[in-house]
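This note's numbering puts the first residue of the sequence shown at 12, with every later residue one more than the last.
By construction, these hints were calculated from the structure, which means they are not laboratory data.
No residue lacks a Cβ here, since even glycine has one placed at the ideal position from N, Cα and C.
Hints are not guaranteed to be accurate.
What follows is a list of derived Cβ distance ranges for each label pair [stated by the list, open to error]: (1) Gln56 with Gly34: 28 to 38 Å; (2) Gly34 with Arg96: 25 to 35 Å; (3) Gln56 with Arg97: 22 to 32 Å; (4) Asp95 with Ala37: 40 to 50 Å; (5) Ala98 with Pro32: 51 to 61 Å; (6) Arg73 with Arg30: 31 to 41 Å; (7) Ala38 with Glu59: 30 to 40 Å; (8) Ala41 with Glu71: 29 to 39 Å; (9) Arg86 with Pro66: 13 to 23 Å; (10) Arg63 with Leu40: 11 to 21 Å; (11) Arg64 with Ala37: 24 to 34 Å; (12) Ala38 with Gly89: 48 to 58 Å.
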Amino acid sequence: MIPRIQPESTATGAGNCHRFPRGRLAAELAPCRRRVERKRDEAGQTIERTVRRHPEVAGELRRLLAAADFAGIDRFVGRLEARDRRAPLAGSGVWSGLQATSGART
């Protein structure tokens, strides 16, 4: 059995060896924050573009954005785009217009 390590008393200042200087922490986190903001902006643009073509998926994409699931947004949009490539006339109104025209003749 592995012995459990007990934290030293913080009253004496011992045990604070893992303290990270605030300035350094902020400097280390700044690039990460910039990457997250950039990904959030890119995801927002992707969502706007996708919702114009597929308004029915707006709720799911907003949920993924709220969860900061940028990879999930990419996968979701990728599946929609793949589906659109397999059926290029679906959702464009072209096929339904042809059906309405042919139905009017009979």
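Tested hints:
1. For the pair Gln56 and Gly34, the beta carbons lie near 34 Å from each other, so the given range of 28 to 38 Å is met.
2. Checked against the hint of 25 to 35 Å, the C-beta distance between Gly34 and Arg96 comes to roughly 50 Å, which is inconsistent with it.
3. The hinted window of 22 to 32 Å between Gln56 and Arg97 holds, with their beta carbons roughly 24 Å apart.
4. A beta carbon spacing of about 44 Å between Asp95 and Ala37 agrees with the range 40 to 50 Å that was offered as a hint.
5. For the hinted restraint 51 to 61 Å between Ala98 and Pro32, the CB-CB distance of approximately 57 Å keeps it satisfied.
6. Checked against the hint of 31 to 41 Å, the C-beta distance between Arg73 and Arg30 comes to roughly 39 Å, which is consistent with it.
7. Separated by about 33 Å at the C-beta atoms, Ala38 and Glu59 satisfy the suggested range of 30 to 40 Å.
8. For Ala41 and Glu71, the hinted distance range of 29 to 39 Å is satisfied, since their beta carbons lie about 32 Å from each other.
9. Between Arg86 and Pro66 the Cβ separation comes to about 20 Å, which falls inside the hinted range of 13 to 23 Å.
10. For Arg63 and Leu40, the Cβ-Cβ distance of about 35 Å falls outside the hinted range of 11 to 21 Å, so the restraint is violated.
11. Here the CB-CB span from Arg64 to Ala37 is close to 41 Å, at odds with the stated 24 to 34 Å.
12. The supplied range of 48 to 58 Å is broken by Ala38 and Gly89, whose beta-carbon atoms lie about 35 Å from each other.
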